[in-house]
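Visitor: Now for the letters of each chain:
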Amino acid sequence: MDFTAEQIERYSRHILLQDVGVEGQEKIQKGKALVIGAGGLGAPVLLYLAAAGVGTLGVIDGDVVDLSNLQRQVIHFTQDVGKPKVQSAKEKINQINPDVEVITYHKFFTAENAFDIIKDYDFIVDGTDNFPVKFLINDACVLAGKPFSHGGILRFEGQTLTHQPDTACYRCVFHAPPPPNAVPTCSQAGVLGAIAGMLGTIQAAEVLKFLVGTGELLTNKLLTFNAKTMNFRTVNVKKNPACPICGKHPTITELVEAEQAACELKKK
Amino acid sequence: MSKIKVNNEEQEVTLPLSLSELIKLNKVLQPDMVSVQLNGNFVLKEDFDSAAINEGDEVDFLYFMGGGR
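Residue numbers (the numbering used here), protein chains in the order written: chain A, 47 to 314; chain B, 396 to 464.
With the rest of the complex left out, here is chain A:
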C-alpha cells in the first residue's frame, strides 16, 4: 500500500512513533473495526478511529439522535436531533477523514444478526448501554473467536476489559446479566459526560494497539476508574473455569435473543 504525500502528512504523528511507523499506519488503514452503539462511548471511539485512518468503520445503532444525548455523545450536533445516529456519525467521520469507508447498520444488534455482522471485522467495540446486549456482544465474539473491547460507564465511574480468544471474557467476571432494573443504567442514574470520553478514548487506543500489534492490551485485566478521586485501578482477572461460555463445561453454545434473556430473568 502506498501512501500519498497528503496521507503521509495527515498521519505524520503516527508515522513518527517508533511503534507505529509507515508499517503500523498501513495496518491501521487495512483495519476493520465495528462499533456497536453510536452513543456516549461510540462517539469518541469513532472520532478517534476515523482520525487515525482506520480503513473500514462499521457503525450499528437503531436509534435517532435525541436532545438528551448531546451532553456526552460528541459525534452528534444540535442540528442532528431526530436524525439516525448512524447517519449523523457517518457524516462526521467523512468530514474528519475521507479515507475511511463507513458501513452503517440502522438497526439494533441482535442474536439473529450478530454473527453475520461481526464476521467482516477484525475488532469489535461495545459502546452499548444495557446488559443484555453487552452479554450478547461477549457471547457472539467469544463463539466467533473475535477480539472485542467491553466498556461500561455509570455516574463518575468507568470500566473496560479487552477480550481476545483464550483470555478472560466478560462472563468470566460477570456471569450473567443482572435482573432488569436491579442495576441502574446511565438513563436512570446519570453519567458525567466527560466519563464517556475518558473510557471511549481508552477503548479507541486498544483498537489501535490491536491493529498495529504493539503494547499490551487490557486482556485478563479489568481497568476501572472513579473520576471523583481520579483513581485508576487495573484488576488482574483470569479465565474463570466456571464461566458459562468459555469455562470447562460451557452451557452457552448458541446466541440467545437479548430481550428474551431479560424477560426470562424477570419471570424467575
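Check before you lean on any hint, since a few could be wrong.
Unchecked claim - Simulated crosslink set (DMTMM-like; lysine to aspartate or glutamate; CA at most 20 Å straight-line): (1) A:K138 to A:D112; (2) B:K419 to B:E407; (3) A:K274 to B:E404; (4) A:K78 to A:D166; (5) A:K267 to B:E453; (6) B:K440 to B:E453; (7) A:K285 to B:E405; (8) B:K440 to B:D427; (9) A:K284 to A:D168; (10) A:K165 to A:E300; (11) B:K419 to B:E453; (12) A:K284 to B:E453; (13) A:K285 to B:E416; (14) A:K267 to B:E404; (15) B:K422 to A:E203; (16) A:K192 to A:E203; (17) A:K284 to B:E407; (18) A:K285 to A:E303; (19) B:K422 to B:D442; (20) A:K294 to B:E453; (21) B:K419 to B:E405; (22) B:K419 to B:E450; (23) A:K294 to B:E441; (24) B:K422 to B:E407.
Simulated from the structure, these hints should not be mistaken for lab results.
Given the coordinates of chain A, work out where chain B should sit on it, guided by the hints.
Guide: Frame of chain A; chain B shown alone:
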C-alpha cells in the same frame, strides 16, 4: 486484628470471617450483584457464605457498569 487487602486497600478485620460477612462489613450496596475475586480466583455466589477470609488475603469487589450510550 488481621490485615487483608480489599480492592488494593489495606483493611483490618477480626477472624474468623466469611466472605459474606466481609461483604456486609464493606457495606456493598447490592451484595447479590457483586463479583468477587479472592486471591485472584472468582468465587461462586453460592460459596460466599462458606468462603473463609485468611490473614493476607486479597479481595476484589467488582461491580456491574451497564452504561455506554
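Visitor: Taking the earlier hints as the rules, which of them does this structure contradict?
Guide: 7, 9, 13, 16, 17, 18 and 20
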